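*Asks:* Each chain, letter by letter, is given below.
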Amino acid sequence: MFASDMSLPNMLYGRVLKSAHSHARVKAMDVAGAEAMGAVTLTPDEVPDVVYCPRLVSIPEATYRDWRVLTDKPRYVGEPIGAVAAESEEEAQRALEAVEVEYEVLGASFDALDAMRPEAEAIHERIYLEDDLLDVESNVGCALDITEGDPKALEDADVVIERTYRTNRRYHNQLEPKSVLVRPEPDGGVSIWSTTQTIHNTRLLIHDIYGIPVGKIRVYKVALGGSFGSSIHVNPVVNIAVGLALKSGRPVKMSYTREEDIRDHCSYQMIFKLKLGANRDGKLAGGRLEAYLDIGAHQIQAYPLLGCVVGWWVSLYKLPYVEYTGKAVYTNKVPSCAFRGYGNPQITWVVETMMDELAGELGVDPLDFRLNNYIGEGDLFWGQGPSVKSIIRSCGVEEILTKGAEMVDWYNRPKAGAQTGRFRRGWGVGRGYHTSSAGAPVPSSIVDFGGAMLKMNEDGTFDYVSALMDHGCGTQDAHVKIVAEELCVPVEKVNIIKADTGTTIYDVCTHASRGVYSGGGAALKVAGKVKTQIREFAGRILDAYPHAVRIRYDEEGDRTVVYAEGIEGREVTYREVAETARHKNWGTVSALESYRQPSCPPHFTGYFIEVEVDTWTGKVKPLRVVAGADIGTVINPLLAAGQVHGGMAQGWSMSLLEDTPYDPETGDLVNGGSIANYKVPTSNDLLDLDDFTVFFADTYEPTGPFGAKGLGEGALNPVAGTVANAIQDALGVRFFELPITPIKVLEALREKEG
Amino acid sequence: MMEIEITINGRKRRFDVEPNKLLLNLVRDDLHLTGTKYGCGIGECGACTVHLDGEAVLSCMVLAVDADGRTVDTIEGVADVNNLDPVQEAYIEEGAIQCGFCTPGFVMTTKALLAENPDPSEAEIREYLKGNYCRCTGYVNIVRAVQSAARKLGS
Numbered sequence: 000m001f002a003s004d005m006s007l008p009n010m011l012y013g014r015v016l017k018s019a020h021s022h023a024r025v026k027a028m029d030v031a032g033a034e035a036m037g038a039v040t041l042t043p044d045e046v047p048d049v050v051y052c053p054r055l056v057s058i059p060e061a062t063y064r065d066w067r068v069l070t071d072k073p074r075y076v077g078e079p080i081g082a083v084a085a086e087s088e089e090e091a092q093r094a095l096e097a098v099e100v101e102y103e104v105l106g107a108s109f110d111a112l113d114a115m116r117p118e119a120e121a122i123h124e125r126i127y128l129e130d131d132l133l134d135v136e137s138n139v140g141c142a143l144d145i146t147e148g149d150p151k152a153l154e155d156a157d158v159v160i161e162r163t164y165r166t167n168r169r170y171h172n173q174l175e176p177k178s179v180l181v182r183p184e185p186d187g188g189v190s191i192w193s194t195t196q197t198i199h200n201t202r203l204l205i206h207d208i209y210g211i212p213v214g215k216i217r218v219y220k221v222a223l224g225g226s227f228g229s230s231i232h233v234n235p236v237v238n239i240a241v242g243l244a245l246k247s248g249r250p251v252k253m254s255y256t257r258e259e260d261i262r263d264h265c266s267y268q269m270i271f272k273l274k275l276g277a278n279r280d281g282k283l284a285g286g287r288l289e290a291y292l293d294i295g296a297h298q299i300q301a302y303p304l305l306g307c308v309v310g311w312w313v314s315l316y317k318l319p320y321v322e323y324t325g326k327a328v329y330t331n332k333v334p335s336c337a338f339r340g341y342g343n344p345q346i347t348w349v350v351e352t353m354m355d356e357l358a359g360e361l362g363v364d365p366l367d368f369r370l371n372n373y374i375g376e377g378d379l380f381w382g383q384g385p386s387v388k389s390i391i392r393s394c395g396v397e398e399i400l401t402k403g404a405e406m407v408d409w410y411n412r413p414k415a416g417a418q419t420g421r422f423r424r425g426w427g428v429g430r431g432y433h434t435s436s437a438g439a440p441v442p443s444s445i446v447d448f449g450g451a452m453l454k455m456n457e458d459g460t461f462d463y464v465s466a467l468m469d470h471g472c473g474t475q476d477a478h479v480k481i482v483a484e485e486l487c488v489p490v491e492k493v494n495i496i497k498a499d500t501g502t503t504i505y506d507v508c509t510h511a512s513r514g515v516y517s518g519g520g521a522a523l524k525v526a527g528k529v530k531t532q533i534r535e536f537a538g539r540i541l542d543a544y545p546h547a548v549r550i551r552y553d554e555e556g557d558r559t560v561v562y563a564e565g566i567e568g569r570e571v572t573y574r575e576v577a578e579t580a581r582h583k584n585w586g587t588v589s590a591l592e593s594y595r596q597p598s599c600p601p602h603f604t605g606y607f608i609e610v611e612v613d614t615w616t617g618k619v620k621p622l623r624v625v626a627g628a629d630i631g632t633v634i635n636p637l638l639a640a641g642q643v644h645g646g647m648a649q650g651w652s653m654s655l656l657e658d659t660p661y662d663p664e665t666g667d668l669v670n671g672g673s674i675a676n677y678k679v680p681t682s683n684d685l686l687d688l689d690d691f692t693v694f695f696a697d698t699y700e701p702t703g704p705f706g707a708k709g710l711g712e713g714a715l716n717p718v719a720g721t722v723a724n725a726i727q728d729a730l731g732v733r734f735f736e737l738p739i740t741p742i743k744v745l746e747a748l749r750e751k752e753g
Numbered sequence: 000m001m002e003i004e005i006t007i008n009g010r011k012r013r014f015d016v017e018p019n020k021l022l023l024n025l026v027r028d029d030l031h032l033t034g035t036k037y038g039c040g041i042g043e044c045g046a047c048t049v050h051l052d053g054e055a056v057l058s059c060m061v062l063a064v065d066a067d068g069r070t071v072d073t074i075e076g077v078a079d080v081n082n083l084d085p086v087q088e089a090y091i092e093e094g095a096i097q098c099g100f101c102t103p104g105f106v107m108t109t110k111a112l113l114a115e116n117p118d119p120s121e122a123e124i125r126e127y128l129k130g131n132y133c134r135c136t137g138y139v140n141i142v143r144a145v146q147s148a149a150r151k152l153g154s
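These protein sequence lines are chains V and S, in that order.
Note that numbering that gives the first Met the number 0 has the first sequence beginning at 0, numbered continuously upward.
Note that numbering that gives the first Met the number 0 has the second sequence beginning at 0, numbered continuously upward.
Derived from the structure by calculation, the hints contain no laboratory data.
There could be a bad hint or two in this list.
Claimed, not checked - Below, simulated SDA-like cross-link-like pairs (lysine to any residue); rule was C-alpha separation at most 25 Å, straight line:
no.	chain 1	residue 1	chain 2	residue 2
1	S	K129	V	L656
2	V	K678	S	I41
3	V	K678	S	E123
4	V	K620	S	E123
Everything numeric in this text was worked out from a predicted model, so none of it was measured.
With these hints in hand, go ahead and build the complete structure from the sequences.
*Replies:* Here it is in structure tokens:
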């Protein structure tokens, strides 16, 4: 059951009133017409005067706040300025259309660099950081500069390349549009079923906004129809529905249409100026990166992202000198949020593109150049930003690249660049990684811990309870496998219990590819504690030492047995342990634990992609893909491969198809919100089964549960860079703007070949 | 209001509906058969796929009144409580389900494909499924699931 499938007796349907202008002041709002129709209305002056940030993953010192539940100064087309609730969705829509709004239209900016010009209209004048009210200058919401090492290293480099790059602004297009059901409770609290990656942070934000005591807010886990980062923050529709439910005293359901959803969230468009230097010995000398993040109209996680962009960059390859200046810039567009990889696919596209260019300048093979410079085992890793540092303990980069190279016969690939026919082929290589969680040996600006509860039932089975959300990555499946492995039981003996904020302890969020590594770490911790208790109780029953008893699964009897090896008759089943504990009043075998991981090990990925470019149409087709991943121990091979397949598909369309440009005249999306004009691949646009190979490196992460790391984001991160390199190989043309559309291909070819 | 009669998942049901009511909304809101999903409302994503007289259709593009006198089958009707349909089994076994939101639509389309063409080639599978959109799997395990389902049904 998904949030959008939920319903309750006596519920109202809510609809959001959205700004028709990209930047305006609401001078007057008349809801009399809507109320005359029997609708409940909600206006900006009826919601709490609280300025918040919808994402509560970072600590307050790193969380800039500029959001209100409903605003009277909308900053993008589609920003919620009011809401109604009525007996049916249709009645709600009619009531919405009866609301009259008078706007004072203000100037707007649709490009990050434009927005920074002195004459640009201020999108926010002041924003909050903790208790401080900060002035916003030049529409820069926040900034981060970091310099490390000796600048001479870069100045003296034998080869230096400097380029400007611009990424696309992609829409998550998760299958389930954002949705919520809220029920006001008699005790003044609320129950919430919503599209979210974090039930506990949803509860905390509703507490912050509405002042309801935390314990009276119950947020329930429901299935999530895809998300890819778009519900790390609490979706605006949730906060609005709570307001409507509190005002009406009735349950309220709100489900966005697809056209509303595409005006709700998107990825960060980034403009990079990158300078990289290398020496004739094949080593990188250093780099300078200027990053301009187009964050849209509000901050969701701009400041932590500025840290991650530099972190992702410097943790790819060893750079003796690093100079970074990052700015997060407001524009009058849909607010940007994390999208699978959290800036990593963007910066990896840039770096992997430039690595190929540098290799060409140095006259070395691009694969060898990468092998000569990558950051691996024993090196310092700070992908999650400057406050999250740990040492890499497992690394499969070399295995991925050398094995992949063998599989595609990389060093004997056809020499490209000199083709003249209509169809031209090229091979690209690219690599990347992503963090698994945001753990570290010391506290950082990011909260990263979770927790779990495990109890033994009276029949010797187990109930597992965790707040961690599963949005389709097989996370809970993996937890069950981890618990079952530790306790020597088949997976069927471990139940996943439906849970909510009242029945679970805190887990920060399912993001940062932390579900298996961090969440699974908590699962292993409680399983270990439960195992210790089972040993103690079994020891009492068997008159044996708890540390000496052994545990095995008896397949024939479908039971798990605790026994004293070599001593006849000294064995007892889990069921008997649980029954005896109950009859003798020893208590329930159970454990409840919070867990923080000591590091955030990168999971590494590498792609080899062959493409074919049709020089008449500009269309690019994938011919062959070999993808390798180092995720430590592979807990679920089928779903792990599925993550790579999905990463390839999203990376492919990031490279070639996806974008949400704006029309400066209307201030709205060029596609008008229609996904008929938002291109993504179908089953027919991708590779045949025989042409797509996925393999996993043989590694073991010492800090992970049974050696496991994450995968979800690393599966995507290198794809765009690899595809771009393959296109360059085919055409001898390099592109500095995503997506590489057919028109761009044709224009570039015309420029090159006439 | 218009009076219509539809055989839904094998049972005859009568409804009074507005002429503008979508079959999707009849199924989800009135019958609470929420396995059929709203994904886009404009016939792009396939999440709302049901069978109308055995043929896969997008229920967001069909008016409820157009289903009058006809047979509608939804995902809830493909299996009984204790036994999954072989297509559903194949999707689970092949890891073809990630978030699961698109799955009911894919299963309905797959069933229609295999009824028409019990032994489809990979190209035929990909062509038939191209109106169903999945953002998680990259379609690899889905294509494998359809092949596996074809084998199950053929044996």
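*Asks:* Next step is simple, just say for each hint if it's right about the structure.
*Replies:* We went through each hint and held it up to the structure:
1. Of the pairs offered as hints, the one joining K129(S) and L656(V) holds, with about 17 Å between alpha carbons and a cut-off of 25 Å not exceeded.
2. A C-alpha spacing of about 14 Å is found between K678(V) and I41(S), which places the hinted pair at or below 25 Å, so the restraint holds.
3. Between K678(V) and E123(S), the direct Cα distance comes to roughly 22 Å. Compliance with the 25 Å bound is thereby established for this hinted pair.
4. A distance of roughly 18 Å separates the Cα atoms of K620(V) and E123(S); the hinted pair therefore holds under the 25 Å criterion.
Of the hints listed earlier, there is not a single one the structure fails to meet.
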